[in-house]
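Colleague: Read top to bottom, the protein sequences are chains A and B.
The C-terminal residue of the first sequence carries number 254 in my numbering, and the numbering is unbroken.
The C-terminal residue of the second sequence carries number 331 in my numbering, and the numbering is unbroken.
Be aware that a few hints might be false.
Unchecked claim - FRET-style restraints, in silico, Cβ to Cβ:
#, chain 1, residue 1, chain 2, residue 2, range
1, A, Ala218, B, Ser140, 41 to 51 Å
2, B, Asp303, A, Lys150, 18 to 28 Å
3, B, Glu174, A, Thr217, 30 to 40 Å
4, A, Glu249, B, Ser206, 40 to 50 Å
5, A, Pro229, B, Asp303, 24 to 34 Å
6, A, Pro229, B, Lys227, 48 to 58 Å
7, A, Glu152, B, Ser206, 17 to 27 Å
8, A, Thr192, B, Asp274, 41 to 51 Å
9, B, Asp274, A, Pro22, 45 to 55 Å
10, A, Glu58, B, Gln203, 31 to 41 Å
11, A, Lys174, B, Gln203, 17 to 27 Å
12, A, Ala218, B, Asp230, 48 to 58 Å
13, A, Pro228, B, Ser208, 23 to 33 Å
Honestly, the hints are just simulated from the structure, not real lab data.
We treat Cβ as the ideally placed atom computed from N, Cα and C, and that holds for glycine.
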Amino acid sequence: MSRVLVGVKRVIDYAVKIRVKPDKTGVVTDGIKHSMNPFDEIAVEEAVKLKEKKIANEIIAVSVGPAQSQEVLRTALAMGVDRGIHIEVSGKDYELLQPLHISKLLAKVAQDEKVDLVICGKQAIDDDSNQTAQMTAAILDWPQATFASKVEKTGDGLTVVREVDGGLETIKCKLPAVISADLRLNTPRYATLPNIMKAKKKPIKKLTPKDLNVDTTARIEIVSVEDPPTRQAGSILPDVDTLLAKLKESGHIK
Amino acid sequence: MFSRCSRNLTTFLKSTRFQSTLVIAEHNNQNLLPITANAVGAAKKIGGDVTVLVAGTQNCDKVAADAAKLDGVNKVLIAESGAFKGFTAESITSLVLSTQNQFKFTHILAGASAFSKSLLPRVAAKLDVSPVSEVIEVKSPNTFVRTIYAGNAILTLKSKEPIQVLSIRGTNFEAVSSGAGKGAVDKAPEGNYASDLTEFVSQELSKSDRPELTSAKIIISGGRGLKSGDNFKLLYDLADKWGAAVGASRAAVDAGYVANDLQIGQTGKIVAPDLYVAVGISGAIQHLAGMKDSKTIVAINKDPEAPIFQVADYGLVADLFKAVPEITGKV
């Protein structure tokens with residue numbers, strides 16, 4: 001296996017309490033802390049581990065989004081990725097961009113760069129779609145190993161343990177392949193200061209969807225983005241007896 | 001205003017008349033899983049004919065017969081082949097595509113489970129359409145509601161696609177009843193669906209006599225506050241008395257207290273039981289995403305500032321190691 005491609009997305013930081021825009025067109029993103037999608041950090045870590053184990057030679061990180069997406073590419077470079085590709089999409093186009101578009105872009109880059117493995121996070125914590133890896137695999141006609149919690153190179157393929165509803169399952173897939181990383185796959189490393197400095201010298205290539213011949217025409221229309229219904233404030237009860245009485249009263253327990 | 005309403009209604013009726021939905025059944029070769037009945041419920045909201053596809057390795061007759069009995073199902077297509085071993089997305093995608101080729105459905109949907117989350121996007125990409133994940137409401141045949149940002153915003157979107165590929169959140173759609181349906185069982189299109197891309201090796205499923213998490217009426221969940229896997233026994237004892245399922249926060253899973261399939265939250269399972277008891281769980285955004293639609297939420301936590309108390313109907317500020325055994329003793 002020579003090359004690994006990692007997809008990374010810039011999202012609002014997981015710890016931020018988001019706010020819906022008053023005009024209901026989306027959520028407020030200006031001036032809000034952003035960082036790399038947590039699942040993508042896991043994907044990057046796995047790619048770097050493959051390189052450390054000499055299973056991979058080169059890691060390329062790709063991010064699709066506005067100019068600030070380069071920040072997450074720099075983070076990936078500081079974690080051990082060799083070079084970055086930034087596919088610039090911004091403004092209205094970016095708001096309407098769907099995982100299908102991203103998958104087409106990733107698939108094209110995977111072919112152009114002759115990679116053997118694509119690793120993505122299992123879902124982005126902003127749109128919560130959980131689609132990109134599967135669709136990239138479909139477009140390339142490669143096998144997909146989704147929700148991976150363990151990846152091993154065995155023979156000329158990969159053995160992957162997947163997190164499924166009832167527990168775990170193990171599959172074998174041929175290479176080239178697409179993997180989506182689940183939480184338990186690894187613990188991402190912190191980028192050290194010297195590595196952050198070194199990352200500044202690593203190259204980031206800039207592309208547009210046009211360069212890759214990918215049509216990004218909108219597939220959806222946003223009707224509205226609203227706040228979820230708020231729950232009525234509850235009450236703090238003094239003791240177990242009161243709690244049990246309340247639960248009996250509401251018919252939850254007998 | 002009245003005329004506008006009636007015009008909308010006519011358009012709606014016109015557009016629903018020609019809908020036809022393929023529901024992909026989820027089963028384990030022996031039993032149809034409950035989420036399929038929720039998916040049929042969502043299909044009925046779309047309107048039009050409902051066909052259920054049952055794909056499995058062998059002896060799927062019982063599963064197909066059960067699917068045919070679901071209220072609102074017009075037809076069941078059955079495909080049996082060794083190719084579907086392990087229900088790999090690669091093999092089932094080919095089957096769905098040839099079924100779609102023959103019947104030209106307007107909607108392809110399934111309950112949002114690990115199985116369909118793997119499968120549906122692959123199908124959608126092959127059809128060159130943008131799928132919609134975890135739909136919580138069907139407004140019209142092409143307008144859907146889903147949550148984004150861990151359930152902290154509700155997105156209503158209109159899809160421009162000719163074919164809608166949707167996964168639906170089981171807890172948001174009523175399961176159709178079983179017994180009333182009279183669907184005809186037929187063979188799915190024949191074909192070579194074997195894929196050599198992926199090979200299923202094995203499964204290690206957690207065994208439990210307790211109810212399945214996503215369909216349980218009562219769930220007792222533990223977090224970091226439990227301090228060890230052994231202490232989860234406190235929750236199991238109470239769960240057994242109540243006939244409840246046991247869940248966990250990510251912290252409890254990461255710490256190795258319980259298996260990953262018990263995780264409730266944005267990236268684990270989404271549940272909405274009648275009663276959710278959060279024990280030693282602080283209530284991070286990511287956990288709330290998985291349980292805040294529960295009818296009644298109880299929080300037991302010794303930290304009165306824990307965010308979980310902001311969503312709890314009943315809160316008990318107490319040491320769980322005292323409170324939980326006390327509850328168990330009094331039930």
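Colleague: None of the hints should be skipped; say for each whether it holds.
Modeller: Verification of the supplied hints:
1. Checked against the hint of 41 to 51 Å, the C-beta distance between Ala218 of chain A and Ser140 of chain B comes to roughly 18 Å, which is inconsistent with it.
2. A hinted range of 18 to 28 Å for the beta carbons of Asp303 of chain B and Lys150 of chain A is inconsistent with their spacing of about 35 Å.
3. Range check, Glu174 of chain B to Thr217 of chain A: about 36 Å between beta-carbon atoms, so the 30 to 40 Å window is met.
4. Hint check: Glu249 of chain A to Ser206 of chain B, Cβ distance near 34 Å, so the stated range 40 to 50 Å is violated.
5. Look at Pro229 of chain A against Asp303 of chain B: about 26 Å separates their beta carbons, and that is inside 24 to 34 Å.
6. At roughly 34 Å, the beta carbons of Pro229 of chain A and Lys227 of chain B sit outside the given window of 48 to 58 Å.
7. For Glu152 of chain A paired with Ser206 of chain B, a C-beta distance near 22 Å keeps the hint of 17 to 27 Å intact.
8. Checked against the hint of 41 to 51 Å, the C-beta distance between Thr192 of chain A and Asp274 of chain B comes to roughly 50 Å, which is consistent with it.
9. The hinted range of 45 to 55 Å is not satisfied by Asp274 of chain B and Pro22 of chain A, whose Cβ atoms lie roughly 35 Å apart.
10. A hinted range of 31 to 41 Å for the beta carbons of Glu58 of chain A and Gln203 of chain B is consistent with their spacing of about 35 Å.
11. With their beta carbons about 20 Å apart, Lys174 of chain A and Gln203 of chain B fall inside the hinted range of 17 to 27 Å.
12. The supplied range of 48 to 58 Å is met by Ala218 of chain A and Asp230 of chain B, whose beta-carbon atoms lie about 53 Å from each other.
13. Between Pro228 of chain A and Ser208 of chain B the beta carbons are some 31 Å apart, a value that agrees with the proposed interval 23 to 33 Å.
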